[in-house]
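Go ahead and model the full structure; you've got the sequences and the hints to work with.
Number of protein chains: 4
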Amino acid sequence: MNEKKSLRTKVSPELQLSIKHQNRDSTRVRVGGFEIGGNHLVVIAGPCSVESREQLLETARSVKESGASMLRGGAFKPRTLPYSFQGHGVEALKLLQEAKAETGLPIVTEVMSVEDVGLVERYSDMLQIGARNMQNYPLLKRVGKTSSPILLKRGLSATIEEFLGAAEYILKEGNWRVVLCERGIRTFEPLTRFTLDLSAVAVLKQISHLPIIVDPSHGTGWSSLVPQMAKAALAAGSDGIIVEVHPHPEKALSDGQQSLSIDEFRLMMQGLREIAKAVGRTI
Amino acid sequence: MNEKKSLRTKVSPELQLSIKHQNRDSTRVRVGGFEIGGNHLVVIAGPCSVESREQLLETARSVKESGASMLRGGAFKPRTLPYSFQGHGVEALKLLQEAKAETGLPIVTEVMSVEDVGLVERYSDMLQIGARNMQNYPLLKRVGKTSSPILLKRGLSATIEEFLGAAEYILKEGNWRVVLCERGIRTFEPLTRFTLDLSAVAVLKQISHLPIIVDPSHGTGWSSLVPQMAKAALAAGSDGIIVEVHPHPEKALSDGQQSLSIDEFRLMMQGLREIAKAVGRTI
Amino acid sequence: MNEKKSLRTKVSPELQLSIKHQNRDSTRVRVGGFEIGGNHLVVIAGPCSVESREQLLETARSVKESGASMLRGGAFKPRTLPYSFQGHGVEALKLLQEAKAETGLPIVTEVMSVEDVGLVERYSDMLQIGARNMQNYPLLKRVGKTSSPILLKRGLSATIEEFLGAAEYILKEGNWRVVLCERGIRTFEPLTRFTLDLSAVAVLKQISHLPIIVDPSHGTGWSSLVPQMAKAALAAGSDGIIVEVHPHPEKALSDGQQSLSIDEFRLMMQGLREIAKAVGRTI
Amino acid sequence: MNEKKSLRTKVSPELQLSIKHQNRDSTRVRVGGFEIGGNHLVVIAGPCSVESREQLLETARSVKESGASMLRGGAFKPRTLPYSFQGHGVEALKLLQEAKAETGLPIVTEVMSVEDVGLVERYSDMLQIGARNMQNYPLLKRVGKTSSPILLKRGLSATIEEFLGAAEYILKEGNWRVVLCERGIRTFEPLTRFTLDLSAVAVLKQISHLPIIVDPSHGTGWSSLVPQMAKAALAAGSDGIIVEVHPHPEKALSDGQQSLSIDEFRLMMQGLREIAKAVGRTI
Numbered sequence: 029m030n031e032k033k034s035l036r037t038k039v040s041p042e043l044q045l046s047i048k049h050q051n052r053d054s055t056r057v058r059v060g061g062f063e064i065g066g067n068h069l070v071v072i073a074g075p076c077s078v079e080s081r082e083q084l085l086e087t088a089r090s091v092k093e094s095g096a097s098m099l100r101g102g103a104f105k106p107r108t109l110p111y112s113f114q115g116h117g118v119e120a121l122k123l124l125q126e127a128k129a130e131t132g133l134p135i136v137t138e139v140m141s142v143e144d145v146g147l148v149e150r151y152s153d154m155l156q157i158g159a160r161n162m163q164n165y166p167l168l169k170r171v172g173k174t175s176s177p178i179l180l181k182r183g184l185s186a187t188i189e190e191f192l193g194a195a196e197y198i199l200k201e202g203n204w205r206v207v208l209c210e211r212g213i214r215t216f217e218p219l220t221r222f223t224l225d226l227s228a229v230a231v232l233k234q235i236s237h238l239p240i241i242v243d244p245s246h247g248t249g250w251s252s253l254v255p256q257m258a259k260a261a262l263a264a265g266s267d268g269i270i271v272e273v274h275p276h277p278e279k280a281l282s283d284g285q286q287s288l289s290i291d292e293f294r295l296m297m298q299g300l301r302e303i304a305k306a307v308g309r310t311i
Numbered sequence: 029m030n031e032k033k034s035l036r037t038k039v040s041p042e043l044q045l046s047i048k049h050q051n052r053d054s055t056r057v058r059v060g061g062f063e064i065g066g067n068h069l070v071v072i073a074g075p076c077s078v079e080s081r082e083q084l085l086e087t088a089r090s091v092k093e094s095g096a097s098m099l100r101g102g103a104f105k106p107r108t109l110p111y112s113f114q115g116h117g118v119e120a121l122k123l124l125q126e127a128k129a130e131t132g133l134p135i136v137t138e139v140m141s142v143e144d145v146g147l148v149e150r151y152s153d154m155l156q157i158g159a160r161n162m163q164n165y166p167l168l169k170r171v172g173k174t175s176s177p178i179l180l181k182r183g184l185s186a187t188i189e190e191f192l193g194a195a196e197y198i199l200k201e202g203n204w205r206v207v208l209c210e211r212g213i214r215t216f217e218p219l220t221r222f223t224l225d226l227s228a229v230a231v232l233k234q235i236s237h238l239p240i241i242v243d244p245s246h247g248t249g250w251s252s253l254v255p256q257m258a259k260a261a262l263a264a265g266s267d268g269i270i271v272e273v274h275p276h277p278e279k280a281l282s283d284g285q286q287s288l289s290i291d292e293f294r295l296m297m298q299g300l301r302e303i304a305k306a307v308g309r310t311i
Numbered sequence: 029m030n031e032k033k034s035l036r037t038k039v040s041p042e043l044q045l046s047i048k049h050q051n052r053d054s055t056r057v058r059v060g061g062f063e064i065g066g067n068h069l070v071v072i073a074g075p076c077s078v079e080s081r082e083q084l085l086e087t088a089r090s091v092k093e094s095g096a097s098m099l100r101g102g103a104f105k106p107r108t109l110p111y112s113f114q115g116h117g118v119e120a121l122k123l124l125q126e127a128k129a130e131t132g133l134p135i136v137t138e139v140m141s142v143e144d145v146g147l148v149e150r151y152s153d154m155l156q157i158g159a160r161n162m163q164n165y166p167l168l169k170r171v172g173k174t175s176s177p178i179l180l181k182r183g184l185s186a187t188i189e190e191f192l193g194a195a196e197y198i199l200k201e202g203n204w205r206v207v208l209c210e211r212g213i214r215t216f217e218p219l220t221r222f223t224l225d226l227s228a229v230a231v232l233k234q235i236s237h238l239p240i241i242v243d244p245s246h247g248t249g250w251s252s253l254v255p256q257m258a259k260a261a262l263a264a265g266s267d268g269i270i271v272e273v274h275p276h277p278e279k280a281l282s283d284g285q286q287s288l289s290i291d292e293f294r295l296m297m298q299g300l301r302e303i304a305k306a307v308g309r310t311i
Numbered sequence: 029m030n031e032k033k034s035l036r037t038k039v040s041p042e043l044q045l046s047i048k049h050q051n052r053d054s055t056r057v058r059v060g061g062f063e064i065g066g067n068h069l070v071v072i073a074g075p076c077s078v079e080s081r082e083q084l085l086e087t088a089r090s091v092k093e094s095g096a097s098m099l100r101g102g103a104f105k106p107r108t109l110p111y112s113f114q115g116h117g118v119e120a121l122k123l124l125q126e127a128k129a130e131t132g133l134p135i136v137t138e139v140m141s142v143e144d145v146g147l148v149e150r151y152s153d154m155l156q157i158g159a160r161n162m163q164n165y166p167l168l169k170r171v172g173k174t175s176s177p178i179l180l181k182r183g184l185s186a187t188i189e190e191f192l193g194a195a196e197y198i199l200k201e202g203n204w205r206v207v208l209c210e211r212g213i214r215t216f217e218p219l220t221r222f223t224l225d226l227s228a229v230a231v232l233k234q235i236s237h238l239p240i241i242v243d244p245s246h247g248t249g250w251s252s253l254v255p256q257m258a259k260a261a262l263a264a265g266s267d268g269i270i271v272e273v274h275p276h277p278e279k280a281l282s283d284g285q286q287s288l289s290i291d292e293f294r295l296m297m298q299g300l301r302e303i304a305k306a307v308g309r310t311i
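Protein chains in written order, with the numbering used here: chain A, 29 to 311; chain B, 29 to 311; chain C, 29 to 311; chain D, 29 to 311.
If you are wondering where the hints come from, they were derived from the structure by calculation, not from laboratory data. Among the clues, some could well be false.
One copy or two, either will do: identical chains are not told apart, so a pair holds if it fits within one copy or between any two.
[To be verified] Below, in silico cross-link-like pairs of lysine-lysine (PhoX-like), each with a Cα-Cα straight-line distance of 25 Å or less: (1) Lys279 to Lys33; (2) Lys38 to Lys233; (3) Lys279 to Lys38; (4) Lys200 to Lys38; (5) Lys169 to Lys200; (6) Lys169 to Lys305; (7) Lys33 to Lys233; (8) Lys233 to Lys128; (9) Lys122 to Lys279; (10) Lys279 to Lys92; (11) Lys200 to Lys279; (12) Lys173 to Lys200; (13) Lys200 to Lys233; (14) Lys128 to Lys279; (15) Lys33 to Lys173; (16) Lys92 to Lys128.
Listed below in structure tokens is the structure:
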């Protein structure tokens, strides 16, 4: 006949201490003119990989028009096999800058190595740490020394505590501008690429002060599931979403199966506006 | 450079065939005066276990007042250890009937054995097959021979295909009134009791004609997570929810940690109405 | 700077109590003239399903000759879809009896429903509870009332504690003759059918008094992996193995991919004798 | 009625191609005077972290005496929280060198960052890539450019294909001296730290040419399970084991619960000799 316990009591004492030390209820992270973690929801959209000027600019213009707040696009791609397309690197970074110049959308792109941090910083507004690097501690420490906002993706099988532990590596270096991103965890279910863990969003809102967004594209692996799961993410309390959009998903060099077309993205945004209103937020 | 594939193409040929044979786009299941799978969302609420007349009637009246459409309550409880409280059995069934007589709420309760099917049918409006029995084929066949609506819960680690395979055992016997229920799957995450798999809702809407509802109480194990996850479930396309409510969760004989209090349930319902509107449905 | 803890301290207090109550170090279960859990290792072999007299008798004779101690064969088959082959039922039970009469091998076969317990008991020496029924409590209680030895398979995603909890349902009814069987758990790995959890064997030897055997056929899904994993099982402390053998695996009605041929079984047995000797046991 | 398929046919075409290209049946990796992947089994032992000269030298001498072939010890420790002990760094590397000078045991130790590769190479005979860094591609490429043997640990939830994909990043740079290490995967089971996946050993022996060893210390998290699982690993076809040994496990700065004492290690080695003989190998 115990009292109901708070979720915070289940967190490890060491992590509880650090959560308490931070002494914040909720952190807001400014990227460009935009603030993640406030009442306005962030929508980050763009292709998995930057493939060409045409592909990127067409995507950037159209997602901007449909209401996206930021542009994503991969320059350095972590791939399971070394023989797969690895991204266009610096050329891609330059195209992202060009897309920003034209549309005004701030850029987020992944940085995979300590040596590239300075380079990627120059060409982007927010640095993404990918799921495979969530516990790459030298990289976490390095971006913790920058003044860039960081998008930290959850590892494929990281517990929520390990996820917060990884964030601590950045915070400890003095960089408080960390946005968490749930992107699907590994389970036994074969129909979807991963299992999108939306309860992690609700849990993190109760035990952490950091903003959290959701990636339903990687989280499901199927573009047809993205709109429903994006809505569900916002309803669960997510501070925004990051989704893959491609002008011709069937021709994408990577992840075409999970990319929304430009039209699908526009339609999805209409649905998201209704949900945002229902949870008292704007988009 | 392939075309994007449909999720249905990933389903096993045998199950695809049966999906096709059924030749239905979407099935609606009537329970009492209520239809599950239509535009109106179902909210099933009540205690984990029926503990006493006072507990049950107080809960029934209050959830009815807050807008619940059906009453749940356990009479026969499947427990991990034989020494744990196993439910009050027939006495509990009688109390459920009494609660129905007073409030008009249709009753759903679990049946665990073939021998009890007739008994439980007499006292309830919908038979629940619990997660542990999802592949108890004699039980599935037996309820497939009744004319009762069936609430079929997903097994803790059943794939979506296996879940539909289990439903087929009921359908094959001639009972088409099956409602699926996602209730959390087993993963490595220790903070939550299970991981609520809302992408299963979106997937099932694309590959099956059956209604599906979500149980965020078992799915998370924490009442503080239930309202957010209930909203997310509806946003993901769920046809309703089933939640645990107890007048004094801290005194519950089972599952108190995940039970909403009467006030928490009322508050949650307000939030759900907004989401229902946002997805063009009513509650 | 704590002392090292014993695994038993991590087990839930309720289960610890029941383990203690049983007041046994190690239980031996006699089946036919054979004792499982003693120094001699049990090898149970036979086809997934009993398909025909020829198939069964050929298998029985040859596995006996190669040193098997018991014959397995499915009469009632739990299948994911109701349209799949469900086993030959009573006809299969009769063939199993015939095989026993000829070879002297005791029979183990699965019973799926409470109503069939009496029937299956008459035709077999040991009742198998399949993985899908590990938490089918009415069935567990029913076999707990028989005097038959029980082979209880671990559920696909049952924790070790839940596995022991299921065994308790049988023990509590007065039947102490329970043999546990690890048969693979569900993980994210797609190359194998399940992930054979041999650490469960070592854990169970430390926290339970019951014998435990291993099923590397279901546990891996590939006959080419069975001999290595059978050896590993014995090295981990297993009291025996249960494997699928078929005279023509490529023509099997079910599970052909994981069935050893008669020759493969004979070869495997030679390797197992060496391992048995290495761990101070006989086979 | 298909023929039985080979496991290799289930591997992705791209990886099949690379496996074929390598055109090797089995690779042997020489470390110091020792060859991993041949008939003689490797036993790598030592403390989780190098804590002090006394701790390391006492361990080194005793594991050598009991028959270990190599010494392990952490200098740079990847820890979930930045506030935990992070290893003694260069000082630890120097102590490892001293232990080698005295005992002749070759050294394996983890390198966590690209910048440290040169440093760690100077002080060790084999570079370990930890589980968290299995897909840290810049690090894999960097060690692929060295001439050091590499011990590549499987990620906590890496599929077997992803594991081989990671190895390809090293092989592609020209370094063929890669030894794989299974160290437990993440599952739902709470009693053990991870679930040691010994079927991965058997699978890898069929689809890859690289040697593979097993880490039962991390794989189980309990020293009492290590001897049984080490035996099982060798029986499953592993080319050796890597285990944690500490003179005073109850005082260890990290991982004490899973460390064998010096006496426990000696006893275990006796059991392993029997198993080695049973599988026709030496230790």
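Intra- versus inter-copy proximity for lysine 38 and lysine 279 (alpha-carbon distance at most 25 Å): between (46 Å within a copy, 20 Å between copies)
Can you give me the call for lysine 279 and lysine 33, within, between, both or neither, at a CA distance of at most 25 Å? between (51 Å within a copy, 13 Å between copies)
If the cut is 25 Å between Cα atoms, do lysine 122 and lysine 279 qualify within a copy, between copies, both or neither? The answer is within: 22 Å in one copy meets 25 Å, while 54 Å across copies does not.
Measure nothing new, just compare the shortest in-copy and cross-copy C-alpha distances for lysine 173 and lysine 200 to 25 Å and report within, between, both or neither. Answer is within: at 9 Å inside a copy they meet the 25 Å cutoff, but 33 Å across does not.
Same-copy or cross-copy closeness of lysine 233 to lysine 128 [CA-CA at most 25 Å]: Result: close neither inside a copy nor across copies, 31 Å intra and 38 Å inter.
Given a CA cutoff of 25 Å, do lysine 33 and lysine 173 count as a within-copy pair, a between-copy pair, both, or neither? neither (37 Å within a copy, 40 Å between copies)
If the cut is 25 Å between Cα atoms, do lysine 200 and lysine 279 qualify within a copy, between copies, both or neither? Neither way: lysine 200 and lysine 279 sit 42 Å apart in one copy and 28 Å across, limit 25 Å.
Identical-chain pair category, lysine 128 with lysine 279, by Cα at 25 Å: within (24 Å within a copy, 56 Å between copies)
Alpha-carbon proximity between lysine 200 and lysine 233, which holds within one copy, between copies, both or neither at 25 Å: Result: close within a single copy only, 20 Å intra versus 43 Å inter.
Within, between, both or neither: lysine 92, lysine 128 at alpha-carbon 25 Å: Answer is within: at 10 Å inside a copy they meet the 25 Å cutoff, but 54 Å across does not.
Same-copy or cross-copy closeness of lysine 200 to lysine 38 [CA-CA at most 25 Å]: Within one copy, since 23 Å is at most 25 Å while 33 Å is not.
Tell me, please, which holds for lysine 169 and lysine 200 at an alpha-carbon limit of 25 Å: within, between, both or neither? within (8 Å within a copy, 28 Å between copies)
Of the hints listed earlier, those the structure fails to meet are numbers 6, 8, 11 and 15, in rising order.
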